[in-house]
Each structure stands twice: as structure tokens, then as C-alpha cells.
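Start from the sequences and build out the full structure, keeping to the hints where you can.
Here is what each chain is made of, one letter per residue.
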Amino acid sequence: MKRIFYIIFVLAVVIFITKACIKRDIPQNDSVRLRPKAKIMNVIYPADQKTVVINGIDYLQSQAPIGKFGGALVASTIGEGPKTFNPFNSKDNISSLMSDIMYDGLLSTHPVTGKPIPKLAKSFEIQNGTDYIIKLRHGVKWSDGKPITADDVVFTWRDIIFGGYGNTSIRDSVVIDGQLPEVYKIDDYTVKFVTPQPFAPFVTLLASPIAPKHIYQPAVRKGKAYFDTFLSTNADPKTFVTSGAFRLKEYVPAQRAVFERNPDYYLINTDNKQLPYLDKLVYLIVGDVNNEVLKFEGGELDVIGLQGANVARFKELEKHSDFTIYNIGPDTGTMYLSMNLNTRRNDKGDFYVDPVKQMWFQDKNFRTAVDYAIDRKNMVLNIANGLAQPLFTAESLNSIFLNKELKPYDRDLNKSRELLKKSGFYWDKNGKLYDKSGHRVEFNLITNAGNTEREAIGVMVKQDLEDLGMKVNFKPVEFNSLVNKLVSTLDWDMVIMGFTGSPLEPNGGKNVWLSDGTLHVYNMRLEKDKYSKRFGWEKRIDYLFIHGALATNFEDRKKFYDEYQEIIYNEKPMIYIYSPLRIYAIRNKFKNIFPSSLGGITYNIEEIYINREDK
Amino acid sequence: MEILKYIFKRILQTIPLLIIVSLISFFIIRLSPVDPLAELRLNPSVSKETLQRETERLGLDKPIIVQYGKWAKSFIKGDLGITANGEQVSAKLKERIPNTLLLTAIVIFLSWSVGVPLGILAAINWKSPLDRMLTVLTSIGMAIPSFFFAVLLLIFAVKTGWFPVGGLTSSNFLEMSFGEKILDISRHLVLPVTVLFTLSLAGLQRQMRANLLDVLDSDYVKFARAKGLSEFKVIFKHALRNAINPMITLLGFEFAGLLSGAALTEYVFQYPGLGRLILEAVLKSDINLVMASLMMGAIMLVLGNLIADILLIITDPRIRQKNGGQA
Chain A
1 MKRIFYIIFV
11 LAVVIFITKA
21 CIKRDIPQND
31 SVRLRPKAKI
41 MNVIYPADQK
51 TVVINGIDYL
61 QSQAPIGKFG
71 GALVASTIGE
81 GPKTFNPFNS
91 KDNISSLMSD
101 IMYDGLLSTH
111 PVTGKPIPKL
121 AKSFEIQNGT
131 DYIIKLRHGV
141 KWSDGKPITA
151 DDVVFTWRDI
161 IFGGYGNTSI
171 RDSVVIDGQL
181 PEVYKIDDYT
191 VKFVTPQPFA
201 PFVTLLASPI
211 APKHIYQPAV
221 RKGKAYFDTF
231 LSTNADPKTF
241 VTSGAFRLKE
251 YVPAQRAVFE
261 RNPDYYLINT
271 DNKQLPYLDK
281 LVYLIVGDVN
291 NEVLKFEGGE
301 LDVIGLQGAN
311 VARFKELEKH
321 SDFTIYNIGP
331 DTGTMYLSMN
341 LNTRRNDKGD
351 FYVDPVKQMW
361 FQDKNFRTAV
371 DYAIDRKNMV
381 LNIANGLAQP
391 LFTAESLNSI
401 FLNKELKPYD
411 RDLNKSRELL
421 KKSGFYWDKN
431 GKLYDKSGHR
441 VEFNLITNAG
451 NTEREAIGVM
461 VKQDLEDLGM
471 KVNFKPVEFN
481 SLVNKLVSTL
491 DWDMVIMGFT
501 GSPLEPNGGK
511 NVWLSDGTLH
521 VYNMRLEKDK
531 YSKRFGWEKR
541 IDYLFIHGAL
551 ATNFEDRKKF
561 YDEYQEIIYN
571 EKPMIYIYSP
581 LRIYAIRNKF
591 KNIFPSSLGG
601 ITYNIEEIYI
611 NREDK
Chain B
1001 MEILKYIFKR
1011 ILQTIPLLII
1021 VSLISFFIIR
1031 LSPVDPLAEL
1041 RLNPSVSKET
1051 LQRETERLGL
1061 DKPIIVQYGK
1071 WAKSFIKGDL
1081 GITANGEQVS
1091 AKLKERIPNT
1101 LLLTAIVIFL
1111 SWSVGVPLGI
1121 LAAINWKSPL
1131 DRMLTVLTSI
1141 GMAIPSFFFA
1151 VLLLIFAVKT
1161 GWFPVGGLTS
1171 SNFLEMSFGE
1181 KILDISRHLV
1191 LPVTVLFTLS
1201 LAGLQRQMRA
1211 NLLDVLDSDY
1221 VKFARAKGLS
1231 EFKVIFKHAL
1241 RNAINPMITL
1251 LGFEFAGLLS
1261 GAALTEYVFQ
1271 YPGLGRLILE
1281 AVLKSDINLV
1291 MASLMMGAIM
1301 LVLGNLIADI
1311 LLIITDPRIR
1321 QKNGGQA
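Protein sequences, first through last, are from chains A and B.
Counting in the working numbering, the first sequence runs from 1 upward without gaps.
Counting in the working numbering, the second sequence runs from 1001 upward without gaps.
Any given hint might turn out to be false.
[Unchecked claim] With a Cα cut of at most 30 Å, we get these calculated BS3-like pairs of lysine-lysine: (1) B:K1233 <-> B:K1222; (2) B:K1159 <-> A:K589; (3) B:K1070 <-> A:K475; (4) B:K1233 <-> A:K222; (5) A:K471 <-> A:K377; (6) A:K50 <-> A:K591; (7) B:K1070 <-> A:K319; (8) A:K273 <-> A:K238; (9) A:K91 <-> B:K1284; (10) B:K1062 <-> A:K528; (11) B:K1048 <-> A:K530; (12) A:K222 <-> B:K1062; (13) A:K422 <-> A:K377; (14) A:K357 <-> A:K436; (15) A:K280 <-> B:K1094; (16) A:K533 <-> B:K1048; (17) B:K1181 <-> A:K249; (18) A:K222 <-> A:K185; (19) B:K1159 <-> A:K315; (20) A:K589 <-> A:K249; (21) B:K1005 <-> A:K91; (22) A:K249 <-> A:K238; (23) A:K135 <-> A:K273; (24) B:K1048 <-> A:K224; (25) A:K348 <-> A:K421; (26) A:K422 <-> A:K471.
Because the hints were derived from the structure by calculation, they are not lab data.
Printed below as a string of C-alpha cells:
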């Protein structure tokens, strides 16, 4: 008897607890509502920064409203934190982010137009497309009090960058026909760069950080192996000599990097007081997105980038919380579907791609049919929660080189069927697709396992293509073996991948587009196939990329890059899917927030201040 | 003297073991399809030359056996090598070891000082309501997956605001006074300790209870009781001493877990310990770092077992006799 009572009691407790949970989580009268849409904000930007001379010092003057000094902003980075504090060694985004805070470059980018604007340089001038004359600011100092002069600039470029120290990607991208640009000191505050040929992308590279010669020279003298470990994350932040608005105060591995205000920074407000307003800038190092969201909700973070389902939830929270959500437009990343256009054989004499499949993939009608069968809008709605924009061009939607003539189009299965018919494909009575020699159209589609977004796209692409009677075997594979397939074994049919691009410089994608590029995935040529046959349009893209880099003014360059985008749009070696939107939430107490598509939300960190009354 | 000889012999025996462990782990990591440069390869702005240089720097262009030889040589010299990012592995480990030790030491101390007495209590009061209640509680403790429990506690922290959301120190830690620092760290430790404590407490309590029950049922305990010894003497002098033996072996394993036990919980709580470091190293195939941590784990395990054996010799005269007889 007692026992039965026990059982009933325990059961009752369990039932009540479960019931309580259900009641809280699912409101009973929750009708289906449309997702609140985050509109791209209309931001009124302050006038451009300008140089003013006070007591012989060339200050840069911010035109943003005057704010109050003090306070801290806590942001976050996902992952294991910076790998190095040496700006010339950084190979990952977080290390670059940290060094960009600490070290200023000669130029930076206008947050709205994307044009180069002076930063550490007072002014710059480009002559004949090859000579870059840069005047430095008088009276600007390193954090140890030594002036920043032409010697530092010449040392940084000649000894570190052109000398091949650290991460050599800048050096590799300015080599033109095996020749490096020259850099000369004209006087203490004037430097001249000369490129062997006109090379337009060079000007964006001038945003690279400048190093203090008196600190870096001893490290450079000790050789490249030493330089790779110089200013590692174990180094004492007190020994860092920097030029940026903030300097490193403390780095706690796997927890945070704390930056403090540089009291002698050369940016001033309209009241002629030295910026930045904030005393501290903290980057918390969080392991994953979920933890980041929890930290923001718990009030430990002040700013956060949001994705997917979180946006809708935060939009609801926004009404009675202390933060505002900003939509700053499409991402620079491009998600694409690509077919293997390879017709070559491997070392053993076998084709990389089955000859039957080659016939399909080489056929422009087939590629176009696939493109028209893909329902981008559906993917945007269902995979990206409506927070993305369909993409049809090789340049990302916020690129200043985007070809706006290339119009988006909707899914059109009839058009797809027509194109397939034109190429001799036919359907049996069950709707299965066969090619003109009677082979069933069946191929593999791969993407990297673990990336839920790409896996979801893969499933939808498979369904879309099965509407055309194709048989698609969708196999997510492990990231490393995927990369191996794409760049060395080349035994794949169709892939879903993404690349990150630069919204400012299409030449950064030359490894993808040049026909012998290291990432020319859709028709990868290994070392032994370097001189194999190219498509006419591949040759044209080669021409466009080489000449696009040589042209000097923006309008001339844009013509070249417009044409390359048009070729990709028509030939469809890569079928673009969508670009996610970037959504940020930031606490209301922060003022002078002018989000921009190119700059993000905290690019003007020096101008951001805290208004305490406004909680 | 005997005991020193025994220790020496045991240490000699571990050398071939460590060699085998290192060989197996090295080959498994290197033969797995993880390419440390995959990320770089898919970056459009990385040139062929950079990739080539990276391959040479990491020694990936050489056969595996040569790579192993190189690693083993420097390991014997006491040099753990550098990580894929050019930092000293030893420095990297050194910054994480104290954090992990702090967490696991607290957990082990708490769970032993609570779990063992609770186990004894349950065994003495066998089949009483107290015993039943403890059984239910420990069953719950063992049944909840640690990461799930950790996530629940994190949500609890966010909703109530009583505890910080993960980490070990607050962002203004540097400006705090000594007392505030201790308070700050303790506040951060509460949740991860709770998770790990619940988990290991349950196991320990049940183990202790079962051991003691076994012993209490044996003939010599019955005899001692029949002889008229006080219940206190029977349990604490005779029964407990025999019941504790398996616990000492367990302690040896716990010692090995000191540096490797809490990876999952560390990850959920963003605790800056070894677990997170090693997880990332494995994913990126950062060979020197992974090998260092694996070897550390192996050495800790061997050491833990050795300590347990020595403790057993001290507590259990039977083993002492046997060893003495052999030597």
C-alpha cells in the first residue's frame, strides 16, 4: 500500500513538472505571424574627416557629434582567440582584427564609398598610375613617444613586406611579372612608392599596418624563423609599441583581450579634444555562437552579430530591451554551386570526370538549365530565415565593382526543360532524364559536412534538380577531404561551397578566376596541365583580370570587372545562390553609431561614446 | 628500500608503454585525412608560394616516419616543439594547466570529501529512507549528461543574472583587489564545479556504498560483531579498511583525470582550460600540441596508477607481503 502511494506521488511530481514546462514554452494561442523584417537602415553619416594643424601637429579631425569620455565597449570574437600580435604574421581574421586595432596603416577605406582615404598619411597622390607619393603627418608619435617618420614606412615595406617576413600574402599579391615595387624616402615625412607597371590594387594594400622601425629592426635582423615567433601571444603587452587608437593592456588566453585608450592619438573631435572617447575596448574570446548569444543576453557583451533564428527572437526582445538591431546589408561571402568542367586525365590516364558526365557539364544549356531550376527565393526563406539576398553575380552584393546590369531572375522549370531538349536530353514516361546517347543523368553533389547551412542548401538543390528528372546523390563530406577533392584529386561532379571576397578589390579573387589559379575550382589545372586547352571565355577572363589590375582609374577598371561578371553570369561555371545579410545588435547607450555596409558597425570605434543617461 | 626498488621497476616498465602510445597516436593523427592547411588552401588570397612555404615549415613534405623521428628526438630532449602558429607548446600548456588543475582539484576534493562519507552513511543505514533517497539522487546525478546539465545551468545563469556566463575571470579582473579577485574566480567556478561535482559524486557514493556493503556482509565482520565489539569499532576499524582498497585504485584514475577530465564541461562553460586547447589542436591537426597533451595524459595515468599501487602497499599488508616475498 505504501509503495503504491510512493509511485503515485513520484508520477504526480513528474507530470506536474512536465506540464509546467509545456505551458511556459508554447503559448497556446500563438497564431502564425510573419517574421518581422529588418530593413536596411538609412544612416545619416557625418562629414568626412579632415586634417587640421594645431601647434605644428597634423591632427585628423572627426566631424561626428561631440561625445563624452570614459567607459568601455565589450565585443567578442568566436574561436580560440588571436594567434599572434605581430600584424605581419597574422593569417587568421582574429589576429588581423587585433593588429588593426593596434597599428594604423597609411590609408584606410571610406566606410561608404570604399575609396581610399588618408589615415597615418596626411595626403597621397598617384602619378602616371605607377608613382604613389605619400605625405606623413607631422608630430604623430608611437606609443613610446618616438615620432612616426618616413624611415618607419620604408622599413616596413622594404625590409618586412618585400623582404618576405611573416605572412607573405601582401608581397605575393604585389609581384608583377616577378618584380616588386620600389619604395623611397624623399624626406622625413614624404615617401614614394613606384610599381613596375600601373597596378591599381596597390592602393588598397597601402592600408597595411606600419611597424615601428626601432622595435622591429632587431627582430628582422634575427631572421625569418625568429620573426615568426616575434610578438607572439606570450609576449608582454607592455613592450608593444603601437600607433592605433587603442593599445593592448592585457591578454588572457581563451578569455579576452583588453585594449586601453591611446591618450596621444592623432584623431580629434570638433572640440579639438583627442579621441577615442572610450577608455577600454574589450574583446571576449568565446568558443561558439550559442555562448556568444548567452553572453549578450546576460549583459556581458555590448555588441553582437546575429544569425538565422536568433534575429527573429532578438527582434522581439528589442522592444523591451536596451539594444537596437541594425541590418547592414549583404555579406561579402558568396555561396555557389559549381560543376567540374575538367576534361583532362590524371597520372594513371583516367579521366578526372567520367566522360559521360563531361558531356553534360561542358554543355552550356545543361548548366543554364540547372541554374534556372534552382529556387533561390525558397532557399533564402527556408534556410536563411529570409535574412539573405539571392545572388547572381561573382562579385558580392556590397562590392563597389558589382555589375548592376546583371538582372536577377526567378526559377523557371519550363525554360530549363526547353534548354535540355535543345541539347538532346529526353525524359522517359516516369519523368527520368536521359541524355541523347541514352545515359541516365545521375551525378554526385558534395559539400562540407558539419556546415548545416550548406547541407540544407544541398538538400534543396537536390530536390530542385530532381524536378527536372535528374538523379542527384547528395553526400556531405568531411571538410579536409572536400578540399583535397577540389584542389588535388579533382574527382567530383558538383559542389556547393563558399568563398569570402573583398567588396573593394576584385583582384583578390584572381586565384579563383585566372585559368591557372590555385583555386580555379571549376576547371582546376594542376602543375602538369598548366598549358592545357582553355575555353574561349576562360581566356577572356584571364585578359580581363590582367588588364583590370593594370588600369588606373576606377571607371576604366570597372569596365573590365563588369565584363568578367557578365561572362560568369552567362557561362555559369559557378551558379551563385545567396548572400546572407549581416545583422548586428548593439546597446542603446552607445552613440555615434553609423553602420555601413563596407565598414560594419564599430569601424569608427574612436568616435563611439557612451551616453549614461540613455540606458 | 623494497618500495624504492619497486617504484624504479615500475618506471622502467612505462618506457616501452609510452613509446607505443606515442607511435600509435602520432600515426593515427597523421594518417587521418585532416589537413592542417585546408583552411588556407580554400582562401582565394593565399598564393601557391605561401602554401609551399607553410608545408615546409610544418614539415608536411617529409614522410611520416621522419616526422615522428624528429618529434621523438626533441621530446626526449625535453623540447615539446612549437605549435602551428609558432608558439612554444610548453608555454601554451603552462598557461592552461593551472586553470584546469584549479577546477579538477576542487571537484576531486569536494566529491571525495562528500561522496565517501555519504557512501558510508548509506551503507550503514542500508535500506533506510536515507539510503533510498541517496540512491534516487545519485541515479539522477549519473543519468544527466554533463553537457546538458551544463547548458541548463548556463541558461539559469543568464535568466537570474546571479552567475557569470562562462569564463574564469571578469573583464575588469586586473583592477580588482586581492579579495575581489578571489570572489570573482569563485563566482565563475560555481557552475562548472557543480556540474562536475554532481557527476563524480554520484559514482563515488555508489562505489563506496557497494564496497562497504560487501565487506559488512563478510564473515569476519559478523565475527567481530559476535565478539561484542562496538558497532563503531567494527565499521571504522575493520570494515572500512577493507572497503577502501578499490577506492584507492579509483583515486589513481582520478589523478589521471586531473589534467584531462573535463573537456566537455570546459567547452560549454568557455572555461580556459586544457580541454578547449586540445580540442582545437586536434581539429586543426596541430601535431606538436596534440602529441604533448596525449603524452601528458599517458604519463599522468601511469603516475596515477603508480601512486595508487604505493598507497595500496601502505594500506594493505597482504600486498606488502607478496611484494616482499618476490624480492
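Would the pair A:K222 and A:K185 pass a check requiring their Cα atoms to be no farther apart than 30 Å?
-> holds (24 Å)
Given the hint that B:K1181 pairs with A:K249, does the C-alpha gap stay at or below 30 Å?
-> holds (18 Å)
Proposed proximity, A:K224 with B:K1048 (alpha carbon, max 30 Å) = holds (19 Å)
Starting from A:K422, check that the Cα of A:K377 is at most 30 Å away, please.
-> With Cα atoms ~27 Å apart, A:K422 and A:K377 stay inside 30 Å; holds.
Is the hinted pair A:K50 and A:K591 satisfied, with a Cα-Cα distance of at most 30 Å?
-> holds (21 Å)
Restraint status (C-alpha distance of B:K1048 to A:K530 at most 30 Å) = Answer holds: B:K1048 to A:K530 is near 14 Å, not above 30 Å.
Within 30 Å, alpha carbon to alpha carbon, are A:K273 and A:K238?
-> With Cα atoms ~25 Å apart, A:K273 and A:K238 stay inside 30 Å; holds.
Given pair status - A:K222, B:K1233, alpha carbons within 30 Å | Not OK: B:K1233 and A:K222 at ~72 Å, beyond 30 Å, violated.
Does A:K135 pair with A:K273 here, judged by a C-alpha cut-off of 30 Å?
-> Holds, at about 24 Å.
Measure nothing beyond the straight line between the CA atoms of A:K471 and A:K377; if it is 30 Å or shorter, mark the hint as holding.
-> Between A:K471 and A:K377 the Cα gap is close to 22 Å, so the pair holds against 30 Å.
Quick one, are B:K1070 and A:K475 close enough, alpha carbons at most 30 Å?
-> violated (38 Å)
When you check the alpha-carbon spacing of B:K1159 and A:K589, does it fall within 30 Å?
-> Given pair B:K1159, A:K589 holds - Cα atoms ~22 Å apart, limit 30 Å.
Checked against the numbered hints given earlier, this structure breaks hints 3, 4, 7, 21 and 25; the rest are met.
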